[in-house]
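**Student:** What follows is each chain in one-letter form.
2 protein chains.
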Amino acid sequence: MAEEQQQRTDVGELGEFALIDHLTKNFETHNASTLLGIGDDAAVLESLGSQTVVSTDMLVEGVHFDLTYLPLKHLGYKSVVVNLSDIFAMNAEPTQITFSMALSNRFSVEALEELYDGVNLACQEYGVDLIGGDTTSSQSGLIISITAIGEVHESGYVGRDGAQENDLICVSGDLGGAYMGLLLMEREKKIFNENPAIQPDLEGNEYIMKRLMKPEARKDIITWLNEQKIQATSMMDISDGLSSELFHITTKSNVGCTIYEEKIPIHLDTKQMAMDLQMASVTAALNGGEDYELLFTIPQGDYEKITMSEEISVIGHITKAEDGRKLISNSGNEMPLEAQGWNPLKK
Amino acid sequence: MAEEQQQRTDVGELGEFALIDHLTKNFETHNASTLLGIGDDAAVLESLGSQTVVSTDMLVEGVHFDLTYLPLKHLGYKSVVVNLSDIFAMNAEPTQITFSMALSNRFSVEALEELYDGVNLACQEYGVDLIGGDTTSSQSGLIISITAIGEVHESGYVGRDGAQENDLICVSGDLGGAYMGLLLMEREKKIFNENPAIQPDLEGNEYIMKRLMKPEARKDIITWLNEQKIQATSMMDISDGLSSELFHITTKSNVGCTIYEEKIPIHLDTKQMAMDLQMASVTAALNGGEDYELLFTIPQGDYEKITMSEEISVIGHITKAEDGRKLISNSGNEMPLEAQGWNPLKK
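These protein sequences, in sequence, are chains A and B.
Residue numbers for the first sequence, in the working numbering: 163 to 509.
Residue numbers for the second sequence, in the working numbering: 163 to 509.
Just so you know, these hints were derived from the structure itself, not from any lab.
Careful: at least some of the hints might be erroneous.
All copies of an identical chain are treated as equivalent in the list; a pair is satisfied when it fits inside any one copy or across any two copies.
Said to hold, decoys possible - Quick list of in silico lysine to aspartate or glutamate cross-link-like pairs, DMTMM-like style, CA-CA up to 20 Å:
1) LYS482 to GLU327
2) LYS187 to GLU276
3) LYS187 to GLU272
4) LYS187 to GLU275
5) LYS235 to GLU276
All chains should be built: construct the whole structure from the sequences, respecting the hints.
**Tutor:** If you want it as structure tokens, here you go:
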């Protein structure tokens with residue numbers, strides 16, 4: 163009556179993306195409405211000529227969030243925003259979400275009210291409707307699952323596979339801040355646990371804390387690109403770090419890339435905290451996650467237009483696949499880019 | 163830095179549905195495409211005149227399933243079917259699903275292959291496409307979250323709020339089998355745990371085991387109703403037991419109901435197991451869950467048509483709200499119906 167396991171391959175050996183590729187390789191498509199399936203920020207459905215995107219995320223206490231420093235209202239807000247970010251990254255406008263949770267009995271109705279206040283705030287900010295969900299109990303902690311639905315802009319959905327040689331590589335906002343916020347909070351949590359009389363010292367670090375605790379999805383960038391009629395050739399949101407996302411885009415598009423360290427946008431406060439912690443801020447930008455900025459490629463011809471936005475940085479360009487993935491350091495050295503993005507399945 | 167909780171109301175006090183009502187009462191709708199939100203088997207979206215339904219479910223190991231007797235392949239199959247059942251219950255045809263999971267490191271790649279074999283089998287059987295999901299780690303056990311999407315039949319979606327006085331109350335298939343299967347498996351598990359040398363004795367109980375371990379969604383009933391142009395006035399699937407579902411329909415429709423014990427369809431094998439366990443089989447039908455049959459109401463004028471299906475039983479009729487909810491027993495006694503459906507939040 164027990165589970166049989168003749169051979170045992172640890173899931174951590176494969177990692178999330180290879181695991182999903184492996185598990186779903188025999189799945190076939192049965193419906194004409196399924197335009198794009200597994201493997202992008204969201205799936206794309208088509209019905210009567212209009213395209214709908216669907217994306218889903220699962221957030222597990224102790225894996226994705228720590229309630230000792232992320233208040234429940236922030237968790238509610240963030241878990242919605244993280245999903246909407248995937249919808250925007252398809253060149254779409256989010257319209258609906260479902261919100262499901264499994265929770266242990268340590269959560270009271272009052273605690274859940276706070277969580278839902280955050281969900282409601284995100285729904286209001288982004289004009290999204292909560293249309294359903296499921297609520298059940300868990301044996302340990304809180305698990306949240308959200309599915310977001312959106313409508314693709316008239317210019318069509320933008321996947322990960324359309325980057326062409328010579329396209330410019332762009333990112334919105336700045337990178338590495340959320341990761342520096344995480345390191346700061348973990349430092350303060352350790353101090354607090356050792357001596358609860360010492361209150362956390364977060365002054366002067368409001369920016370990186372906000373990046374960690376109340377991230378926003380870049381609706382403004384998508385609106386602006388559509389207004390300017392700039393057609394991105396590929397796009398995704400940066401949830402696992404710039405390196406990891408560049409790997410996804412270049413692999414799916416079968417191209418290479420060259421980016422320049424000096425062009426990677428990093429906030430002064432992020433740089434300051436990196437200095438305090440004696441690490442290179444570019445490492446946070448490349449390998450830290452959770453910034454929820456957009457990474458996208460555009461044709462070279464749109465360079466003039468793109469420079470009109472102060473919120474967008476051109477950090478490099480797309481090359482031939484055989485040229486590989488390169489980072490040109492501030493000192494002019496050429497280094498191979500490595501994908502060290504977060505693997506939620508690694509122990 | 164810790165969660166603050168001035169007042170503490172246990173979520174079990176409210177129950178799942180009251181909790182969701184409470185938490186979502188301040189949510190507003192922002193999009194014209196949101197036709198029907200929280201509170202039915204699925205939400206309904208409308209775009210360019212075509213209606214899409216969306217439903218989501220979360221399944222937690224130790225709460226919803228027990229892997230000591232439910233093999234992973236069956237779990238994969240069942241978790242998809244359970245969601246599709248919600249789509250059919252809206253008078254819709256499922257087209258896509260997303261499948262997310264959080265898993266502890268006791269699951270190997272080989273174990274997940276079995277799980278996905280079951281998911282794939284359900285997708286093939288019902289012509290549904292797997293379009294996405296999320297895979298991450300959990301601190302204990304397996305948690306599955308599925309969102310199903312479907313297209314509403316031309317006759318329009320059928321909610322829970324349209325039952326009218328004098329409508330006939332119908333159910334498909336038979337009820338109580340899955341619950342009897344559950345009691346059987348728990349009995350055998352107990353015997354096995356006490357003495358692993360004794361192999362489970364399931365002979366002659368294949369039917370109720372199948373009801374528990376490989377339930378099917380009633381696509382055939384929806385197809386037939388549409389072919390016969392029988393327009394149900396309300397519908398839902400029976401996942402928590404007939405009583406509980408009748409409460410939902412009569413509450414949402416603001417009506418009462420009278421059903422007859424002798425008309426509730428119960429399989430002979432279900433009756434036999436109930437007798438072995440010295441319980442009334444009608445209790446399993448009323449309060450046991452997981453049969454995934456359809457409960458629906460139709461206008462009286464369709465009585466002749468509905469009798470042509472051997473798969474559908476008329477079990478009673480809709481009354482005025484003030485007449486309450488009644489069960490007429492085999493001996494002719496009138497008893498109030500009580501909703502003792504499963505509360506996943508009750509400890």
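**Student:** All hints are to be evaluated individually against the structure, with a verdict given for each.
**Tutor:** How the hints compare with the structure:
Proximity of LYS482 and GLU327 under a CA criterion of 20 Å is satisfied intra-copy only: 6 Å inside one chain copy versus 70 Å between copies. Only between protomers do LYS187 and GLU276 lie at most 20 Å apart by alpha-carbon distance; the minimum there is 13 Å, versus 41 Å within a single protomer. Taking CA atoms no more than 20 Å apart as the test, LYS187 paired with GLU272 passes between copies only; the shortest distance there is 14 Å, against 44 Å inside one copy. In this assembly of identical chains, the alpha carbons of LYS187 and GLU275 lie at most 20 Å apart only when taken from different copies (11 Å versus 41 Å within one copy).
In this homomeric assembly, LYS235 and GLU276 come within 20 Å of each other (Cα to Cα) only inside a single copy, at 5 Å, whereas the closest approach across copies is 38 Å.
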